[in-house]
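2 protein chains.
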Amino acid sequence: MYMKKLTSQVVMTYDDPVAETKYGKVRGLKTEDTYIFRGIQYAKAKRFHMPEEPDPWEGVKNAFAFGNACLELNTPVAHDNDIVQHFYYPQSERCQVLNIWTKHLEKDAKKPVMVWLHGGGWFSGSATELIAYDGENLAQYGDVVVVSLNHRLNVLGYLDLSDYGEEYRYSGNVGLADLVAALKWVKENIENFGGDPGNVTIFGQSGGGGKVAYLLQTPAADGLYHKGIIQSGGYLGHGGAEAHKHNREVSKKCAALTLKQLGIGEDEVSKIETVPWEDLAQATMEAIWLLREEGESVSWEPVYDGDYFMGDPVDMGFRKETIGTPMIIGTCFGEFSGTHDRHFSETPKALWSAEEADAIMRKAFGDKADRVKELFAKAYPDRQIQDVLFLDLDFKNQALGYIKGFAEAGGTIWNYMFNLETPYECGTVAWHNAEECYVFRNAAYLEYEYIPEVSEKLEDEVSGAWLAFARNSDPNCDAIPEWPACTKDSVPCMCFDKVTDLRVDHDKELIAEYPDIEVPEFPLSNKMYAFYGVKPQE
Amino acid sequence: MYMKKLTSQVVMTYDDPVAETKYGKVRGLKTEDTYIFRGIQYAKAKRFHMPEEPDPWEGVKNAFAFGNACLELNTPVAHDNDIVQHFYYPQSERCQVLNIWTKHLEKDAKKPVMVWLHGGGWFSGSATELIAYDGENLAQYGDVVVVSLNHRLNVLGYLDLSDYGEEYRYSGNVGLADLVAALKWVKENIENFGGDPGNVTIFGQSGGGGKVAYLLQTPAADGLYHKGIIQSGGYLGHGGAEAHKHNREVSKKCAALTLKQLGIGEDEVSKIETVPWEDLAQATMEAIWLLREEGESVSWEPVYDGDYFMGDPVDMGFRKETIGTPMIIGTCFGEFSGTHDRHFSETPKALWSAEEADAIMRKAFGDKADRVKELFAKAYPDRQIQDVLFLDLDFKNQALGYIKGFAEAGGTIWNYMFNLETPYECGTVAWHNAEECYVFRNAAYLEYEYIPEVSEKLEDEVSGAWLAFARNSDPNCDAIPEWPACTKDSVPCMCFDKVTDLRVDHDKELIAEYPDIEVPEFPLSNKMYAFYGVKPQE
Chain A
1 MYMKKLTSQV VMTYDDPVAE TKYGKVRGLK TEDTYIFRGI QYAKAKRFHM PEEPDPWEGV
61 KNAFAFGNAC LELNTPVAHD NDIVQHFYYP QSERCQVLNI WTKHLEKDAK KPVMVWLHGG
121 GWFSGSATEL IAYDGENLAQ YGDVVVVSLN HRLNVLGYLD LSDYGEEYRY SGNVGLADLV
181 AALKWVKENI ENFGGDPGNV TIFGQSGGGG KVAYLLQTPA ADGLYHKGII QSGGYLGHGG
241 AEAHKHNREV SKKCAALTLK QLGIGEDEVS KIETVPWEDL AQATMEAIWL LREEGESVSW
301 EPVYDGDYFM GDPVDMGFRK ETIGTPMIIG TCFGEFSGTH DRHFSETPKA LWSAEEADAI
361 MRKAFGDKAD RVKELFAKAY PDRQIQDVLF LDLDFKNQAL GYIKGFAEAG GTIWNYMFNL
421 ETPYECGTVA WHNAEECYVF RNAAYLEYEY IPEVSEKLED EVSGAWLAFA RNSDPNCDAI
481 PEWPACTKDS VPCMCFDKVT DLRVDHDKEL IAEYPDIEVP EFPLSNKMYA FYGVKPQE
Chain B
1 MYMKKLTSQV VMTYDDPVAE TKYGKVRGLK TEDTYIFRGI QYAKAKRFHM PEEPDPWEGV
61 KNAFAFGNAC LELNTPVAHD NDIVQHFYYP QSERCQVLNI WTKHLEKDAK KPVMVWLHGG
121 GWFSGSATEL IAYDGENLAQ YGDVVVVSLN HRLNVLGYLD LSDYGEEYRY SGNVGLADLV
181 AALKWVKENI ENFGGDPGNV TIFGQSGGGG KVAYLLQTPA ADGLYHKGII QSGGYLGHGG
241 AEAHKHNREV SKKCAALTLK QLGIGEDEVS KIETVPWEDL AQATMEAIWL LREEGESVSW
301 EPVYDGDYFM GDPVDMGFRK ETIGTPMIIG TCFGEFSGTH DRHFSETPKA LWSAEEADAI
361 MRKAFGDKAD RVKELFAKAY PDRQIQDVLF LDLDFKNQAL GYIKGFAEAG GTIWNYMFNL
421 ETPYECGTVA WHNAEECYVF RNAAYLEYEY IPEVSEKLED EVSGAWLAFA RNSDPNCDAI
481 PEWPACTKDS VPCMCFDKVT DLRVDHDKEL IAEYPDIEVP EFPLSNKMYA FYGVKPQE
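Chains A and B, in that order, are what the protein sequence lines are.
What the first sequence shows, in the numbering used here, is residues 1 to 538, in sequence order.
What the second sequence shows, in the numbering used here, is residues 1 to 538, in sequence order.
Check each hint, because a few of them may be wrong.
As the list claims (entries may be wrong) - Derived pair list, reagent style DSBU-like, types lysine-lysine, alpha-carbon separation capped at 35 Å:
id : chain 1 : residue 1 : chain 2 : residue 2
1  : B       : Lys363    : B       : Lys498
2  : A       : Lys245    : A       : Lys488
3  : A       : Lys457    : B       : Lys103
4  : A       : Lys107    : A       : Lys184
5  : A       : Lys5      : B       : Lys103
6  : A       : Lys103    : B       : Lys498
7  : A       : Lys373    : A       : Lys508
8  : A       : Lys61     : B       : Lys363
9  : B       : Lys457    : A       : Lys30
10 : A       : Lys5      : B       : Lys61
11 : B       : Lys30     : B       : Lys5
12 : B       : Lys25     : B       : Lys46
13 : B       : Lys5      : A       : Lys457
14 : B       : Lys46     : B       : Lys260
15 : A       : Lys5      : B       : Lys457
16 : B       : Lys110    : B       : Lys44
17 : A       : Lys103    : A       : Lys25
18 : A       : Lys498    : B       : Lys61
19 : B       : Lys260    : A       : Lys260
By construction, these hints were calculated from the structure, which means they are not laboratory data.
The task is simple: from the sequences and hints, build the whole structure.
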């Protein structure tokens with residue numbers, strides 16, 4: 001899979017480029033100045049068991065094609081491809097694979113390593129799901145080693161069978177353990193791909209941001225990474241320790257119901273390891289539906305066991321072992337509110353007349369309308385006033401909660417917002433994942449996002465800051481204004497936009513006074529159906 | 001999905017670009033100078049029933065995302081991605097969709113229309129399966145309207161249930177009827193996309209080439225197209241009329257076995273229309289395996305009924321109604337023999353020493369070795385002598401049989417070979433589908449094929465000839481040497497290569513004297529597992 005128009009012949013001969021790993025040799029390919037290795041197996045695993053080291057091999061294995069994505073409970077549907085452009089890819093339980101983009105194969109190159117953790121909650125997605133994720137441009141521009149990886153998701157990664165015997169003790173966390181295994185592979189092998197195992201940045205978006213946050217709460221991962229970036233991270237704060245513990249109980253209930261649906265008795269639980277995937281998926285979905293009738297919802301994320309996984313830090317406390325990890329955290333202006341979720345009008349918001357905009361805001365905000373408009377105009381003086389209707393507060397408040405806890409515990413953390421309006425529908429607030437193509441320098445491959453000159457400038461700023469952070473543990477660089485870290489009392493926020501600037505606590509009042517608004521009914525995106533355990537619509 | 005690096009902002013506003021169709025308005029997008037409409041529904045259909053016109057709609061439908069591919073019996077596997085680069089895409093029975101690339105939306109533009117029929121036999125694939133298929137570069141360079149489409153495949157398209165009632169009379173040909181419906185949609189709507197409904201070229205590769213050949217044998221399609229190109233077309237000649245008729249019997253046997261596997265009695269056959277796809281697919285696979293035990297193999301292609309489909313022309317005769325259709329037909333040097341099928345050595349053939357090459361040829365050709373080498377050197381003086389081991393004769397002989405019959409019946413047909421050696425493994429003979437990226441001008445997106453300068457030159461030649469044919473019903477153009485059509489006695493062959501030249505009957509003696517050679521065992525590619533009804537391997 002190659003998105004870029006080639007300008008030179010790809011090198012992919014009989015014995016070049018070949019790199020050594022702990023388990024055997026791999027043969028990749030080389031574009032103009034970047035080596036690409038795809039689909040390298042970093043672990044093997046039996047279903048519901050912890051990952052193990054892969055089997056060694058003789059000779060040279062081809063690493064030309066991406067490896068399998070993890071199986072998803074629902075099949076993908078084509079119109080998920082609107083707005084966020086996808087690659088669909090074959091799925092399998094054998095999904096412990098990683099990809100590498102690097103400009104060096106010399107052992108002494110010791111370039112910063114950036115390990116990408118894909119989004120899609122902990123239930124869907126892959127390292128190849130989005131066009132935005134392709135690592136070549138970032139590796140080439142930044143002279144860093146980019147790694148992306150797949151790991152176990154949904155029922156395969158987070159079903160808590162620990163009630164059924166010691167061998168399932170960690171079944172509710174094996175998908176998280178895959179991440180640890182991948183980071184261990186990076187530590188042990190990345191030198192052969194020009195990387196510095198002593199300088200590893202983990203970064204991810206949405207569920208991938210949650211993965212970064214949770215790895216800091218996973219003792220087995222300590223020492224395998226050195227800094228982290230949480231882009232629009234989900235799963236930050238579950239509403240306290242009790243809610244967090246409750247999630248484990250739900251996973252256990254789901255396990256019991258799934259076994260029952262499959263007709264597997266308590267004395268023969270190991271049968272669940274070999275039932276066909278289709279049957280397991282169907283039984284799991286039925287378990288989810290039954291739980292929903294009881295008002296319970298399976299979250300498909302690592303389960304808090306106080307052992308392998310120490311729990312969401314906002315609920316269970318930040319670990320002192322990792323509080324020294326430099327962090328960046330941030331969100332997009334609109335996240336899910338801009339495109340799918342808020343249908344105030346049939347006309348795109350950018351084309352509303354002043355009267356129409358005013359009427360909609362008055363209806364939404366009631367007698368608080370004037371105050372909210374005033375505070376919004378102060379925080380975002382450069383925007384259309386109706387954008388206030390599409391401002392995300394969900395991810396923002398999760399991020400602010402994380403920042404507060406992290407800074408209070410003594411950690412160093414920087415905050416950003418990605419605010420660029422996309423050209424879609426004549427102007428749409430930045431949606432969930434809009435910043436990714438700027439991190440990876442792939443904006444020009446996304447037809448819903450690319451704006452000539454603006455995109456290039458913003459790629460230099462966003463990727464510039466991310467690369468500086470990967471190199472120096474500090475995102476400050478020539479491409480952006482000075483960017484101070486947060487304190488427990490103050491949140492300086494780098495606002496990436498057509499004109500990027502730093503704003504300090506700029507939206508504090510607005511957030512405090514933003515009322516609960518009546519949001520018009522919106523159709524669930526098909527992606528979300530899988531999350532909620534509902535069958536996708538055509 | 002966009003493969004090209006954008007250089008200008010995509011136009012995709014609230015009401016532009018919008019085109020009218022018979023059923024309602026569609027909104028696409030516009031790159032620099034090309035309009036793109038994706039996933040337009042051209043028909044609807046009940047399972048095993050003939051396609052009908054789609055339902056009309058109010059307002060404007062988005063045509064941003066590609067539509068579903070047809071369901072395949074086996075799930076795809078990632079390492080099919082070696083050498084031939086794939087897009088994987090969501091699959092559904094609702095697969096009657098087409099895509100359009102055009103530089104014009106004016107009704108009076110009347111540009112030549114080129115309708116692409118994808119390969120993968122009649123059992124797999126889609127208009128979005130291969131990177132090579134993207135139509136933008138061809139439409140942009142040639143100022144033609146490129147259309148590609150999906151239609152029903154495998155059991156969904158070609159299971160003959162006609163023994164079970166009048167309503168299933170055509171069930172063995174509904175996938176072919178989808179093609180006819182798509183061509184009817186083109187005839188009725190393409191003017192609104194700048195196309196000339198009076199000048200439609202159908203072209204396709206492998207199974208897609210077979211589709212071109214079979215459409216000429218389908219009375220319902222008469223008048224819906226005006227010329228055809230068969231690239232490495234399969235299914236040309238089944239070994240005579242009896243073999244051809246036999247295939248229908250096998251499809252009927254498969255239908256009976258599938259019903260039996262599903263537990264559906266003869267008095268309740270309509271139940272097969274609503275069983276879940278997974279069950280239908282499983283029952284079909286079991287039917288295939290049972291038939292294989294009897295030595296029968298289901299071919300998943302239109303069934304000869306002497307009514308809707310008049311049968312393979314080589315077996316059943318060319319139809320006088322369509323013999324006036326100008327045609328191009330050709331093959332690749334190696335087809336399936338170059339990469340997967342012939343493992344004579346662990347070392348790539350390009351690196352064999354003269355001694356090694358000689359020893360392998362002596363072993364393969366026995367006492368005919370010297371004569372075969374002499375004839376090969378005469379026919380292909382510019383090649384490594386060991387290439388003779390990888391020369392395709394299967395597709396070639398099918399093409400020659402088609403040419404002979406077509407010319408004898410009075411038709412005009414041109415012949416080509418695509419001979420460019422790819423850079424893969426230091427030099428690999430042109431494989432099955434290698435020419436597609438040259439037709440579509442997408443070579444620079446394929447890492448296994450692109451050769452700077454050579455690829456651009458060859459794109460101009462191949463696409464130049466295809467475009468001239470689409471415009472003038474004659475492939476001659478400035479980019480290539482003079483190219484005469486075939487006669488029943490002589491086959492002038494345009495040999496596309498680093499240096500493209502015309503050779504007349506150049507390989508006639510070689511083909512006549514080429515012995516049956518002992519081909520080393522080779523593993524089936526995973527794609528082929530689906531065809532043979534075997535489960536894919538990981």
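Here's how the hints hold up against the structure:
A distance of roughly 31 Å separates the Cα atoms of Lys363 of chain B and Lys498 of chain B; the hinted pair therefore holds under the 35 Å criterion. Of the supplied pair hints, the one linking Lys245 of chain A and Lys488 of chain A holds, its CA atoms being roughly 27 Å apart against a limit of 35 Å. For the given pair, Lys457 of chain A sits about 30 Å from Lys103 of chain B by alpha-carbon distance, which is consistent with the 35 Å threshold. Among the hinted pairs, Lys107 of chain A with Lys184 of chain A is consistent with the structure: their alpha-carbon atoms are about 17 Å apart, no more than 35 Å.
A threshold of 35 Å between alpha carbons decides the hint, and for Lys5 of chain A with Lys103 of chain B the separation of about 21 Å falls inside it, so the pair holds. Simply put, Lys103 of chain A and Lys498 of chain B have alpha-carbon atoms about 31 Å apart, close enough for the 35 Å limit, and the pair holds. At roughly 14 Å between alpha-carbon atoms, Lys373 of chain A and Lys508 of chain A fall within 35 Å of each other, so this suggested pair holds. About 29 Å separates the Cα atoms of Lys61 of chain A and Lys363 of chain B, which keeps this hinted pair within 35 Å; it holds.
For the hint pairing Lys457 of chain B with Lys30 of chain A, the CA-to-CA distance comes to about 23 Å; that is within 35 Å, so the pair holds. Annotation: proposed proximity of Lys5 of chain A to Lys61 of chain B holds, straight-line Cα distance about 31 Å (limit 35 Å). Between Lys30 of chain B and Lys5 of chain B the alpha-carbon distance is near 14 Å, which keeps this suggested pair within the 35 Å criterion. Proximity of Lys25 of chain B to Lys46 of chain B is assessed by CA-CA distance (about 24 Å); at most 35 Å being required, the pair is judged to hold.
For the suggested pair Lys5 of chain B and Lys457 of chain A, the alpha carbons sit about 16 Å apart, so the restraint of at most 35 Å is met. Under the criterion of a C-alpha separation no larger than 35 Å, the hint pairing Lys46 of chain B with Lys260 of chain B is consistent with the structure, at around 21 Å. For the proposed pair Lys5 of chain A and Lys457 of chain B, the alpha carbon gap of about 16 Å is at most 35 Å, so the pair holds. Restraint check: the Cα-Cα separation between Lys110 of chain B and Lys44 of chain B comes to about 28 Å, which is no more than 35 Å; the hinted pair holds.
Our distance criterion of 35 Å between C-alpha atoms is met by Lys103 of chain A and Lys25 of chain A, whose separation comes to about 18 Å. A threshold of 35 Å between alpha carbons decides the hint, and for Lys498 of chain A with Lys61 of chain B the separation of about 31 Å falls inside it, so the pair holds. Between Lys260 of chain B and Lys260 of chain A, the direct Cα distance comes to roughly 30 Å. Compliance with the 35 Å bound is thereby established for this hinted pair.
In summary, the structure agrees with every hint in the numbered list given earlier.
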